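In order, the protein sequence lines correspond to chains V and C.
Per the working numbering, residue 18 is the first one in the first sequence, and the count goes up by one each step.
Per the working numbering, residue 112 is the first one in the second sequence, and the count goes up by one each step.
These are computed hints drawn from the structure, not numbers from a lab.
Predicted model only: the values in this text are computed from it and were never measured.
The beta-carbon is built from N, C-alpha and C at its ideal position, and this holds for glycine as well.
It is possible that some hints are incorrect.
Partial list, derived from the structure: chain C residues whose beta carbon lies under 7 angstroms from chain V [unchecked claim]:
1. LEU167
2. ASP168
3. GLU188
4. ALA191
5. ARG194
6. ASN208
7. ASN210
8. MET211
Within a straight-line C-alpha distance of at most 30 angstroms, the following computed DSS-like cross-link-like pairs (lysine-lysine) qualify [stated by the list, open to error]:
9. LYS190/C to LYS266/V
10. LYS275/V to LYS299/C
11. LYS190/C to LYS186/V
12. LYS190/C to LYS24/V
13. LYS275/V to LYS145/C
14. LYS275/V to LYS186/C
15. LYS275/V to LYS254/C
16. LYS190/C to LYS199/V
17. LYS174/C to LYS201/V
18. LYS241/C to LYS190/V
19. LYS275/V to LYS130/C
20. LYS254/C to LYS28/V
21. LYS196/C to LYS199/V
22. LYS127/C to LYS186/V
23. LYS190/V to LYS186/C
The lines below spell out each chain.
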Amino acid sequence: MINLQIKSILKNKINLLYIILFIIVFIIINLAINLPEIIYKYYDSKIPEEYKEQARTLYIADGNIELTNEDMENLKKIEHIQDVKIKTLGMQDYELKLTNIVVDDWKNCSKIQNILDNQGILTGREYEDDWIKGYEKINIFMNLVVYMSIIIGTFTILISYINILKNEKENHKLLYILGYSKSKIRYIVCTQILAITIIGFFIGIIIFDIIFQYVIPNILNIELEQDMYKSIIINILVTIIPLFIATGKSTSHIKDFKM
Amino acid sequence: MSKIEIINGYKEYLKKKEKISVLDNINVKFEKEKLYAIMGESGSGKTTLLNIIGTLDTLTQGKLLINDKEIINLKDEEKAKIRMKEIGFVFQNFYLNPNMTVEENIMQPMYINPEYNRISMEEKTEELIKMVGLESRRTHYPKELSGGEEQRVAIARALANNPEIILADEPTGNLDKNNEIKILEILKDLSQKGRCVIIVSHSNKVIEYADKVLNLKEGKLE
Ligand SMILES: Nc1ncnc2c1ncn2[C@@H]1O[C@H](COP(=O)(O)OP(=O)(O)O)[C@@H](O)[C@H]1O
Ligand SMILES: [Mg+2]
Numbered sequence: 018m019i020n021l022q023i024k025s026i027l028k029n030k031i032n033l034l035y036i037i038l039f040i041i042v043f044i045i046i047n048l049a050i051n052l053p054e055i056i057y058k059y060y061d062s063k064i065p066e067e068y069k070e071q072a073r074t075l076y077i078a079d080g081n082i083e084l085t086n087e088d089m090e091n092l093k094k095i096e097h098i099q100d101v102k103i104k105t106l107g108m109q110d111y112e113l114k115l116t117n118i119v120v121d122d123w124k125n126c127s128k129i130q131n132i133l134d135n136q137g138i139l140t141g142r143e144y145e146d147d148w149i150k151g152y153e154k155i156n157i158f159m160n161l162v163v164y165m166s167i168i169i170g171t172f173t174i175l176i177s178y179i180n181i182l183k184n185e186k187e188n189h190k191l192l193y194i195l196g197y198s199k200s201k202i203r204y205i206v207c208t209q210i211l212a213i214t215i216i217g218f219f220i221g222i223i224i225f226d227i228i229f230q231y232v233i234p235n236i237l238n239i240e241l242e243q244d245m246y247k248s249i250i251i252n253i254l255v256t257i258i259p260l261f262i263a264t265g266k267s268t269s270h271i272k273d274f275k276m
Numbered sequence: 112m113s114k115i116e117i118i119n120g121y122k123e124y125l126k127k128k129e130k131i132s133v134l135d136n137i138n139v140k141f142e143k144e145k146l147y148a149i150m151g152e153s154g155s156g157k158t159t160l161l162n163i164i165g166t167l168d169t170l171t172q173g174k175l176l177i178n179d180k181e182i183i184n185l186k187d188e189e190k191a192k193i194r195m196k197e198i199g200f201v202f203q204n205f206y207l208n209p210n211m212t213v214e215e216n217i218m219q220p221m222y223i224n225p226e227y228n229r230i231s232m233e234e235k236t237e238e239l240i241k242m243v244g245l246e247s248r249r250t251h252y253p254k255e256l257s258g259g260e261e262q263r264v265a266i267a268r269a270l271a272n273n274p275e276i277i278l279a280d281e282p283t284g285n286l287d288k289n290n291e292i293k294i295l296e297i298l299k300d301l302s303q304k305g306r307c308v309i310i311v312s313h314s315n316k317v318i319e320y321a322d323k324v325l326n327l328k329e330g331k332l333e
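Isolated chain V (complex conformation) (with noise of 0.2 angstroms):
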C-alpha cells in the first residue's frame, strides 16, 4: 500500500519541484550550520604559525593584583581556560612578575576576557591583529546569518509541506471516502511527506559535502571539520516541526470528506 501511495506522490511533476527546493533548503541549512567553523578556520589560517601560542595568551593588566595559590586554581576551572602561569621577568634590580592566562582557543578569548572582567580582573591579549578583530566583527553578524538561515529554511519546509499536502487533498479524500481510516491516512500522509523530504535531504546533503569537504577547502586552502552532532539534530528539527505542524492541519479535516 505505502509503495503504491509513495509511487503516487513521486509521479506528480509539481513534487519533483518540491524535491529540487528541498535539495537547496538543506544545501543552505546545512552551511549554515557550520558556516561559523568555515569562518573560524578561514581567520585561524590567516594567523602566522609562530603566534598562534601568543594569540591565545591573555595577561593581566593591573600590576597590582597578585593572584593567591587558590585563585589560579579557581581560574582554571572557569571553562576554556587552559593553564594560569606566572612568569618572571628578570630586570635590574628588581623582578617583574606577569600573570599569563592561557585559552584553550583564541577566538575564546574576548569571551575570557569578558568573564574576567566581571570579576575585576582586567586583561590584556599577547597578540592582537587585524584578523582577529575582524573576525570579533563578523562573529554578531554571521550568528545572524546562521539563525535566520535555519528559520527561513524550516518556515521553507513548512510552507512546502502544506502546499504538497494540499496538492494530495483529493487523493486522501478519495481514500477516506473508499474505507481507509483517518490514522491510516494520517500514516499515508507523513510518508508521503517524508519520501519527498529523504529523497531531497540525501541530495542535498551529497552536494553540501562535497562544498565542505572539497570546494571550500581548495578555494580558502584550509581544513574543515564538521560538527555532526549538532548537524543531525538540527536537520531532524527542521523536518519534523514543519511536518507536525502540516500534518496535523492537513488531517484535522478529513471527517468532513463527502461525495
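Position chain C with the ligands relative to chain V; hints supplied.
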C-alpha cells in the same frame, strides 16, 4: 432483511444561522438484487442522501440501518470499515488517482482489506479488469483513457472488496449516449447478480434500467 433502511430521516443544514431542510421525513428501504434510480432536480438533496447512506454524512434526526444495523452511533473507524466492506462508490467525475495505473487504481481499496493477500489481490484485479473489458489498458494512466473507460475503471474499483451496495452519483453525467448505455448495463448486471445498486441521476435513460424509480422533491422521497 433490507440491505439499507432509512427511518424518519431528516437532514438540515445551517446556512448563515438559517436552517435549510434538505431531507424531510424520509422513509425508504433498499433491497438486494435491485437497481434504484433516484431522480430529482439539481439541489434537491440527491448527493446528500447518498452521502448519508454511504456513512460520509449523518442524519440530523432519524435512523440509518445497513444490514439491520444502526449506523448513526458508530465510531469513525467502524464507519470506515463499513465503507470498505459494504459499499462501492461511483462518482460523476470518476475520481481516479491520476498518478496510478488502471490496475493500481482498482487495487487501492484492497490494501486495507485483510481478506486479501498479494496473490488474491492480483487475481481479483485481473477478474475485475476482464469484467469491465479493459484488458488492454492495465498499465495505462487515467489521462490516457476515454471518459467511458475511466468510469469502467471506477466501477471495477468500487467492486474491489465485493461490496453488496453500489452508490453511484450521476455516474453517466459526463458521458455520451453510447458510454452511458455501457455503464448502465454494467450496473444493471451487478444488480442482477445480487447487489443493491442505487443510481442518482437526472438523465431519463436510467429509468429504463431501474427496478424502482424514486423522486426526490422538496425533501420528500416518493
Ligand atoms: N455542506 C453543506 N452545507 C450547507 N448546505 C449544503 C451542504 N451540502 C449541500 N447543501 C445544500 O443542500 C441542498 C442539496 O444539495 P445536494 O445534495 O448536493 O443536491 P443534489 O445532489 O441533488 O444536486 C442544496 O441546496 C445545497 O446547497
Ligand atoms: Mg449532486
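For a quick check of understanding: which of the numbered hints are violated here, in increasing order? When the structure is compared with the hints, none of them turns out to be violated.
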